[in-house]
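Throw the hints in and build the complete structure from the sequences for me.
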Amino acid sequence: MASLVPDIVVDALMDGGDLPTRRRPRLRVWRLVVLLIAGAYFLIPIYAGLRFSLENDAGHLSLYAVKVIPSEPGFTQAFWLSMRLAIVTLAITLVLMVPTSVYVHLKFPRLRRVMDFVTILPIVIPPIVLILGVLRAAPLWLRASPYLLSLVYVILSMPFVYRSLDAGLSALDLKTLVEASRSLGGNWFNTLWRVVVPNLRSALLSATVLTLALVLGEFTMASLDLWTTLPVWIYQFQQVDAHVSTAVSMVSLLGTWLLITFIVSLDRSQSRRNRRKTDS
Amino acid sequence: MASLVPDIVVDALMDGGDLPTRRRPRLRVWRLVVLLIAGAYFLIPIYAGLRFSLENDAGHLSLYAVKVIPSEPGFTQAFWLSMRLAIVTLAITLVLMVPTSVYVHLKFPRLRRVMDFVTILPIVIPPIVLILGVLRAAPLWLRASPYLLSLVYVILSMPFVYRSLDAGLSALDLKTLVEASRSLGGNWFNTLWRVVVPNLRSALLSATVLTLALVLGEFTMASLDLWTTLPVWIYQFQQVDAHVSTAVSMVSLLGTWLLITFIVSLDRSQSRRNRRKTDS
Amino acid sequence: MTELHDAAPTVSSLTRPTTGARVNLEGLVRTYGLTRALDGFTLAVEPGEFVALLGPSGCGKTTALRVLAGFERLDRGRVTVDGVDVVKVSAQHRDMGMVFQSYSLFPNMNALNNVAFGLRMRHQRALQRRQKAGELLELVGLSDQATKYPHQMSGGQQQRVALARALAIEPRVLLLDEPLSALDAKVRGELRDQIRQLQQRLAITTVFVTHDQEEALSMADRVCVMSNGRAEQTATPAVLYSRPTTPFVAEFVGVSSRVPVTPLDGEVELFGQRCRVRSGSVGVTVDGVDALLRPEDLTVTADPSALPFVTHKSFLGATTRLVVQVDEVPIRVDLRSDVAADIELGARVRPAVVARDVLVAPRAPRRESTTD
Amino acid sequence: MTELHDAAPTVSSLTRPTTGARVNLEGLVRTYGLTRALDGFTLAVEPGEFVALLGPSGCGKTTALRVLAGFERLDRGRVTVDGVDVVKVSAQHRDMGMVFQSYSLFPNMNALNNVAFGLRMRHQRALQRRQKAGELLELVGLSDQATKYPHQMSGGQQQRVALARALAIEPRVLLLDEPLSALDAKVRGELRDQIRQLQQRLAITTVFVTHDQEEALSMADRVCVMSNGRAEQTATPAVLYSRPTTPFVAEFVGVSSRVPVTPLDGEVELFGQRCRVRSGSVGVTVDGVDALLRPEDLTVTADPSALPFVTHKSFLGATTRLVVQVDEVPIRVDLRSDVAADIELGARVRPAVVARDVLVAPRAPRRESTTD
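In the order they appear, the protein sequences are chains A, B, C and D.
If you use the numbering used here, the first sequence corresponds to residues 35 to 314, in order.
If you use the numbering used here, the second sequence corresponds to residues 35 to 314, in order.
If you use the numbering used here, the third sequence corresponds to residues 20 to 391, in order.
If you use the numbering used here, the fourth sequence corresponds to residues 20 to 391, in order.
Rather than coming from a laboratory, the hints here were simulated on the basis of the structure.
For every residue, glycine included, the Cβ atom is placed at its ideal position computed from N, Cα and C.
Treat the hints with care, as some may be off.
Stated by the list, open to error - With a straight-line Cα cutoff of 27 Å, these simulated DSSO-like cross-link-like pairs (lysine-lysine) come out:
#  : chain 1 : residue 1 : chain 2 : residue 2
1  : D       : LYS107    : A       : LYS141
2  : A       : LYS209    : A       : LYS101
3  : B       : LYS209    : C       : LYS107
4  : D       : LYS332    : C       : LYS205
5  : B       : LYS141    : B       : LYS209
6  : B       : LYS209    : C       : LYS332
7  : D       : LYS205    : C       : LYS332
8  : D       : LYS205    : C       : LYS205
9  : A       : LYS209    : D       : LYS167
10 : C       : LYS167    : B       : LYS141
11 : D       : LYS167    : D       : LYS205
12 : C       : LYS205    : C       : LYS332
13 : D       : LYS107    : A       : LYS209
Said to hold, decoys possible - So these bits of chain C aren't anywhere near chain D, every CB distance computed over 10 Å:
#  : residue
14 : PHE90
15 : TYR122
16 : SER298
This is the structure:
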């Protein structure tokens with residue numbers, strides 16, 4: 035999962051430069067087939083949503099649904115709540131998971147199985163059970179704060195984040211790299227900052243993107259915890275104006291994708307720059 | 035992710051037999067620490083839920099909430115609906131994904147990047163957007179059937195299932211195994227059935243468990259599609275009797291875990307049996 | 020190394036030499052896009068013969084083997100086994116046992132079941148195939164490993180089981196695709212002996228792909244040196260080593276030092292000594308040839324007044340290799356270790372040719388120092 | 020192979036021999052649970068010396084190297100560099116350049132930045148370190164690869180960059196942890212020459228870990244054969260080969276055939292011939308000894324009336340190795356290839372000893388035929 039996002043958006047859809055010549059023509063066809071099927075799965079619903087959001091009640095094409103979004107009651111609050119949750123969740127997740135994964139890989143590789151187990155739990159435990167339990171267990175001051183949701187999202191994102199980091203670290207031969215750096219006179223900070231983290235860039239980006247996507251799209255937990263995040267607002271506002279609600283969901287999808295593309299492009303330009311300069 | 039589940043439940047928590055002697059004592063301590071932290075994350079909410087479900091309104095310990103479950107209105111229907119959805123989803127997923135993954139690995143390894151991309155989409159697209167789109171796009175006859183949910187769940191489980199299978203296949207050197215089988219006189223059926231599938235057992239189990247856990251725990255889609263699956267019923271019934279609702283969620287968690295343990299134990303006894311007989 | 024002691028199993032047909040098949044590859048062409056992996060490759064393998072395909076990576080040797088095995092489509096050319104064209108026959112029905120480079124054992128089966136797999140595919144009865152598989156494990160010296168799974172065996176053991184598995188179906192041709200390249204030096208040497216021994220005992224036609232010339236020369240009856248999808252020279256190891264017919268073979272097989280010389284009347288002057296040019300030397304052109312000198316073709320004697328001096332000295336066991344700098348050209352010389360013991364690093368020495376004649380080839384453009 | 024032509028870079032301090040450090044390892048003990056990886060290992064390395072640690076896997080050679088590098092804790096023992104105890108010094112401050120078995124280049128940096136990394140950690144200025152790194156790349160013949168990233172280079176190139184990187188910090192000791200074992204036969208041979216050449220030119224104290232005896236013997240000034248965490252024998256390659264002092268070394272170094280003999284008055288009878296027992300032969304006990312015969316210690320002559328016969332014949336280039344069956348014991352004999360050409364497989368031959376004396380060792384229990 036490590037290099038998913040950078041690979042995906044840029045390489046997978048373009049022709050990889052190192053593609054052996056012989057496979058090219060047949061591959062192109064197959065790639066098209068896969069993408070068409072994927073299209074049927076994803077693009078048709080999105081297209082339907084898009085069309086619906088660009089219609090007014092009379093069924094005519096209109097931009098009114100998009101235009102009124104910012105002024106709808108509650109939208110701004112919901113939007114900023116989601117943003118804040120996303121940033122807090124991401125920060126907690128990275129601070130918690132990066133050092134842990136590196137440390138486990140380096141010092142206790144046998145613990146990786148336990149980590150595998152622990153980090154898969156959020157998928158295996160039904161979310162409804164988790165949130166009900168959390169709501170009962172959390173102290174009152176935390177239950178009153180939307181950031182309880184962040185803690186829940188940290189847990190929910192763990193399977194993706196840990197697996198991204200784990201894959202990234204596994205691809206590295208971390209032990210040798212760290213020892214090479216140490217024997218060349220690097221201290222721990224230099225080793226981590228100049229050797230480990232730069233080589234985890236793809237994994238970190240992948241983790242970031244997945245965490246953001248999860249937080250910006252999550253509905254169950256937020257609605258059960260009674261906080262009106264963006265997805266909850268979309269759901270609730272459907273009863274008020276389905277066109278506007280659908281328009282918001284389209285815009286939010288677009289926003290998420292733009293964010294992802296932006297982050298990924300950061301990575302690309304970063305690595306291109308790295309490649310250009312000979313001594314950084 | 036391939037061998038997650040079998041590894042997890044059985045090996046990760048017990049001592050691996052091949053653990054080098056030197057690491058044992060320190061590892062045990064660390065393992066304990068990790069498990070305690072995991073416990074704080076997961077067991078406290080579960081404990082809180084369990085306690086709440088075993089209390090009556092007066093706060094005294096009582097089993098009434100558990101006892102009345104089967105007779106509560108709607109429970110039986112919700113339970114069987116979830117079961118049917120789980121089985122249908124699992125069947126569609128395996129039939130769709132296993133041959134596809136094997137075929138891509140064997141014949142078009144370069145397509146794996148595209149597959150990586152396509153199968154990550156369900157995580158990156160907010161579920162609320164997906165379900166709203168699906169509901170708008172689906173033909174009426176399908177929208178009237180609960181099995182539309184199965185189709186949605188197939189998509190949602192794709193990231194886990196594909197990655198499980200992909201990891202399992204990547205660990206195999208599939209091409210060499212298939213060619214070895216072919217050169218020894220194996221036809222395609224024998225090659226798949228006797229060589230490929232047995233070596234994917236862990237991956238298949240992992241995929242199965244994750245799919246079941248997802249379907250049995252999913253709330254957003256089901257509630258938006260207005261079908262009362264088990265999680266939706268739990269949510270709705272909270273307003274009627276929170277104790278009973280929590281008791282159901284605890285029982286459902288227990289049920290899921292029993293199911294998983296059962297499937298995993300199937301795998302263990304299977305592999306043990308395989309190891310015992312010399313000519314199957 | 021003591022596998023040479025192995026008593027032959029006292030069983031059945033295995034030790035009786037079967038008659039191997041005759042294999043003919045004629046004008047094979049296989050193109051990938053613009054690259055020609057095979058470009059008119061031709062090879063005839065006699066029944067029971069052990070032929071090695073030797074060449075640098077990308078020379079087409081593996082493609083040739085895979086074409087023979089039926090794993091690779093052919094653009095043009097004929098593949099016959101005992102005179103029958105097999106191009107249209109699928110891999111499944113070609114009856115060729117193959118041993119792969121990487122460990123190709125089925126991870127879900129123990130050693131015995133791996134060996135018995137081919138027999139199972141041939142619908143032999145359980146009892147029969149178990150007995151046969153047992154005999155084959157005995158043949159490769161692994162009777163005691165029958166119930167072990169691949170992951171419980173060492174690399175060398177796995178490859179021996181793979182060999183037994185390939186032999187179990189009594190294949191018409193045995194195909195070996197760099198079976199030793201993933202193994203340690205010591206195990207590699209031992210397995211090399213064992214494969215050669217088994218092949219000779221069973222007299223099975225064998226095609227062996229390798230990039231390691233030592234392996235090819237020491238094991239094969241004949242070696243086919245390949246380059247750019249074509250056979251450069253197919254000959255016995257001794258002929259290949261001493262009478263290469265193309266510049267490529269001269270350069271690729273064995274270690275040589277190149278010394279620029281001017282041939283005159285079938286002779287060249289080397290270190291003040293006149294030497295006969297070996298008959299069959301290739302491409303003797305006017306504008307520059309090199310003598311290709313094997314380390315064992317030369318000797319040196321200590322002589323403080325000489326200009327050449329020893330720049331390297333490395334102990335190889337029975338012999339010691341010196342590198343002697345002669346007019347800016349480094350020359351490799353192998354001496355008996357007891358003789359070389361008296362020659363220090365940096366010592367002035369006088370080189371001399373001890374071979375009856377010397378091999379001559381067109382002058383090669385100086386290669387860059389990037390070794391790969 | 021032409022890297023021997025390399026003109027030495029005309030730059031700075033690199034080509035001036037620096038004085039290497041003297042390294043002493045005394046009584047090293049390192050225990051993992053119940054296993055003793057090092058069990059009183061002692062080794063003294065002279066300044067500028069190239070010492071190889073040779074042994075089977077698990078003998079403790081890598082642990083010894085890692086203790087010296089500072090990556091591994093020590094239970095007991097002293098490590099001194101130029102007389103100063105460094106046990107408490109962290110790896111970061113030991114000033115030892117290390118080349119690892121696997122490709123340890125930093126994937127996020129190009130070749131130049133990899134080489135410059137150590138200088139950067141030493142806070143050298145960008146210009147200075149870039150120049151120095153460039154010189155080192157030139158030294159290993161990779162100037163043209165400076166802007167290439169590790170994934171764009173071949174395995175051999177990567178290891179040469181790793182070597183340059185280790186040398187860039189002008190280490191007091193160079194540590195090589197099986198740097199060649201992941202490479203192809205051909206590249207391995209070339210890099211072997213290059214490492215040895217550089218080491219001699221820079222006169223840097225070097226410790227080299229390997230399980231490949233050919234590598235150890237051909238490269239090192241002295242070889243330390245290890246077994247069970249201890250040094251069995253530390254000696255020059257020639258002495259190790261001809262005068263092993265322990266049965267383990269006798270068995271482990273070189274290829275030998277074992278023939279049971281009865282020593283009498285410092286002589287043994289071999290093939291009807293009386294041979295002197297080599298002085299320094301180990302463990303000559305009463306109840307059974309073997310003569311350890313190197314293939315080059317023997318010769319054979321064709322003799323139709325003899326009982327021994329040739330069971331194997333493999334071409335090694337200058338020599339051809341025969342295996343001769345003498346009274347159920349297989350004996351390896353190396354002959355010059357032109358001589359061996361006349362001896363067919365299966366021919367009756369009479370073996371004879373050509374060495375001045377023979378090595379004798381306690382009889383080994385017959386090993387099983389499982390080669391690994």
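Going down the list of hints, with the structure as the test:
no.	hint	in the structure
1	D/LYS107 with A/LYS141	holds, 20 Å
2	A/LYS209 with A/LYS101	violated, 55 Å
3	B/LYS209 with C/LYS107	holds, 21 Å
4	D/LYS332 with C/LYS205	holds, 19 Å
5	B/LYS141 with B/LYS209	holds, 9 Å
6	B/LYS209 with C/LYS332	violated, 46 Å
7	D/LYS205 with C/LYS332	holds, 19 Å
8	D/LYS205 with C/LYS205	holds, 17 Å
9	A/LYS209 with D/LYS167	holds, 23 Å
10	C/LYS167 with B/LYS141	violated, 31 Å
11	D/LYS167 with D/LYS205	holds, 23 Å
12	C/LYS205 with C/LYS332	holds, 24 Å
13	D/LYS107 with A/LYS209	holds, 21 Å
14	PHE90	holds, 24 Å
15	TYR122	holds, 14 Å
16	SER298	holds, 15 Å
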